[in-house]
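Dock chain B against the given chain A, drawing on the hints supplied.
Which chain is which? The protein sequence lines are A and B, in order.
Residues in the first sequence are numbered from 1 upward in steps of one, following my numbering.
Residues in the second sequence are numbered from 292 upward in steps of one, following my numbering.
Hints may be right or wrong, so weigh each one.
[What the hints assert, rightly or not] The calculated DMTMM-like cross-link candidates involving lysine to aspartate or glutamate, where the alpha carbons are at most 25 Å apart (straight line), are:
#1 K196(A) - E420(B)
#2 K426(B) - D391(B)
#3 K196(A) - E374(B)
#4 K591(B) - D571(B)
#5 K384(B) - E182(A)
#6 K196(A) - E376(B)
#7 K416(B) - D391(B)
#8 K308(B) - E180(A)
#9 K384(B) - E180(A)
#10 K315(B) - E333(B)
#11 K315(B) - E299(B)
#12 K490(B) - D366(B)
#13 K490(B) - E333(B)
#14 K316(B) - E182(A)
#15 K577(B) - D553(B)
#16 K316(B) - E180(A)
FYI, nobody ran anything at the bench for these hints, they're computed from the structure.
Note that the structure is a prediction, hence the values are computed from the model and not measured.
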Amino acid sequence: MSDLMQEPIEQAQSPLAEAWGMFKRNHAAVAALGVLALIVLGAIFGPYIYPTDPFEMVWAPFSPPGQEGYLLGTDYLGRDLLAMIINGARVSLMIGLAAAVVSIFIGVTVGALAGFYRGWVEEVLMRITEFFQVLPTLLFSMVLVALFGASLPMITFAIGVVSWTAVARITRSEFLRIRELEYVKASRASGASNRKLMFGVILPNALPPIIVQSALMVGSAILFEAGLSFLGLTDPNVVSWGQIIGSNRQYILDAGYTVTIPGIAIFVTVLAISLVGDGLNDALNPKLRQR
Amino acid sequence: MTDLLNVENLTVRFEVKRGGAFGKKAHLYAVDDVSFTVKAGETLAIVGESGSGKTTAALAVARLQAAYAGRIELDGEDILPMEGEALRQVRQKVQFIFQDPYSSLNPRKRAEAIVQEPLDSLSDKPAAEKAEIVKGLFEAVGLRPEQMRLFPHQFSGGQRQRIGIARALATQPELIICDEPVSALDVAVQAQILNLLRKLQKDFGLTYLFISHDLGVVQHMSDSIAVMYMGKVVEHARRMDLFSNPRHPYTQALLSAVPTVDRAKRAAQKRILIPGDPPDPVNLPKGCRFANRCPVAQDKCRQDEPALLDDGKGHRVACHFS
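Isolated chain B (complex conformation):
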């Protein structure tokens, strides 16, 4: 299958001031030289801990966050320099599902208006056709047509997330970026929403960029996985490959923390603990960013930053000792 999304050397940085208003300006590289690809019709999950830059990367791909450098190719076209009408076209193709269903819906609009908004801004379809599309979307995400006239506060969290999903589907996008779409929901509702997302992917041929910190969710959802740590992709592989053969020590530690109900597996499972804290993101150490917490780190790791290298079978790792 062809690559729908191809992100190359994406860098997003923020200016931070240290030591009050007159302090020195420094840059925080939230996303640092990150590359990944998503095949059409598949799901790439980006996993990582808080502050690893996964959400920032997602926002940059959706053109909601200015990127500092790199390329974001959608269907082979770089969307980063696009403005005006071209950007509007891209926005039709790329939609976003947000993490918090309580703040992602405008409290002053009725559900139908929220779902219709992308159509109003991005298409010139006649009003009757838009209303028809909205009705169809409500059905597709499992909401009843009589709920269209309600306001967001009259819905539960799971229902709100369904509205957010319907909104993302309105312009018939190719790529939907899901930024932790279930982490704010109850576990029971999480499963409903995840299954809905999978069903929609099958029905509409969608491609997902799925941001999560929950490996259980990722295992359920993804075809490929990219693991991020401190703004870098440390490992990028097919799902089966990554779960059965994690090569980066950080990934190994993450996977060892996934709980399992299988007694035999649980006995065999050895938790790899990661000591210490992540380094200061403004003042990064030389060499590998994981070196200070890595169980296998050598002197080389503290000197040279490892590159993300392909093993020839599509499994990419950034570690000197993998």
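Here chain A stands alone, though its shape is the one from the complex:
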């Protein structure tokens, strides 16, 4: 009895606070989070601070960065590259996020149903997942975009539809593991419905690896979008980083900066996202807690 009566109460720390404590210990991730915050803020407020129209010809073509009054120079049509980068950030980040949301939605739903119900449900869903896994992803999304038009929602959907398989597999494996744990049985004995078990009990405990995967997926979706728009499969009414590279690619030898600058933007953003994802992995992985 004595252990119950005298032991001082530890402060009740929520799992979220604990995760943040772990995240803070990964310095690269914290720095990357700062960079990412700057990029996001720039994408949101940049167009108001620097209101130049990215489609307007403001100066002669191929004005090098820093000279003739344009910080990042002009592209082959004489458009302001800085304005294009700022506006492109919006599109790239938005597509990255939206595509990740689409694939998480599909992946978590498929994985949760397969892992929870097992049996023929699992068989069918996992065969479908495998079907999507063996499709050449770039080719498939190109076909989708080519067939249904290069609008932003379609591109987002095309990226989401080819990249949900990893999420589905991770979700399923976590569900398979957690559904056998006793607290799930306890919830069932407490009268929890299947829906509550799936989304109220198992899913919250399956989230850490799904969150990490999602963060990484935002990065890969941005890369994917860049790839698509490099190939010209992009909404012509908006600027994105990949599109800047794609449209300037013929002049890569004469005006390398027109390709390099958006390339650096993509590189820095995706790297930051990956490092944040890595930090999340540390923060959410209980096995690393004790270190």
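The following block gives chain B in isolation, referenced to the frame of chain A:
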């Protein structure tokens, strides 16, 4: 006293595949035609070695494991075919305490939310009343109210098991199934938890179905005992009856292995060793399942399976030579 729980011919089987994906399908009868009764306010202990089917039987009684055949009567009503609202009502009456206090509590919920969960799922009481009940339960199991806001990992094993017990009590159940509730705990803590369980039984008039492999614990806890071997009940008797007069050779061997500190008793005690291994559960031999390890087995035992027969005084044994 009346029977609260009456299990008749309960059978739980699992499909197993032998020899890869295209192998023949076979069935493993984890619980095979098992019957037992628990009187209201008493404790029935089910003892047996690993793989004897005791936990599976318990899970089936709690409707956490699908049964293949049989009847499970609670208050005279068969709960096996129940679904939906009727099953919800049954779940209020039957609660479960799990073996492993480390995996039986949801790590993402605070202790108070864990204890309150059965109330949230099974009752329509107002929030204030639920909070009041939870507070009372914490007190009843010996936890302090300020510990309600903590997360499971901030508790010790014994404290976690107390939370599990509080959760099982939340809906004021009639029957609590304890699946080896102390086997994962230190010996010192075991005694605390067992005494708590007994105190709660007295205070709330609970009926326990107590699963264990530890005969010392069972001796402390039970009113009646059912001994299981390979999915079958081999002996079912009142506690005193079983300990003083074990009739099945398996029970005799089990009891002879219970250590005692009494020197005179220890000198008199002769250990009965059980040679060999249990038979393949998928491919059971004909006749008595214990025959290949039994010291008194005859040819008859390898031919006919003995039935669980009552001696007229409530002591039931499944052995041809008892």
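Cross-check of the supplied hints:
no. : hint              : result
1   : K196(A) - E420(B) : holds (23 Å)
2   : K426(B) - D391(B) : holds (24 Å)
3   : K196(A) - E374(B) : holds (17 Å)
4   : K591(B) - D571(B) : holds (20 Å)
5   : K384(B) - E182(A) : holds (19 Å)
6   : K196(A) - E376(B) : holds (16 Å)
7   : K416(B) - D391(B) : violated (30 Å)
8   : K308(B) - E180(A) : holds (20 Å)
9   : K384(B) - E180(A) : holds (23 Å)
10  : K315(B) - E333(B) : violated (44 Å)
11  : K315(B) - E299(B) : violated (30 Å)
12  : K490(B) - D366(B) : holds (24 Å)
13  : K490(B) - E333(B) : holds (13 Å)
14  : K316(B) - E182(A) : violated (28 Å)
15  : K577(B) - D553(B) : violated (41 Å)
16  : K316(B) - E180(A) : holds (23 Å)
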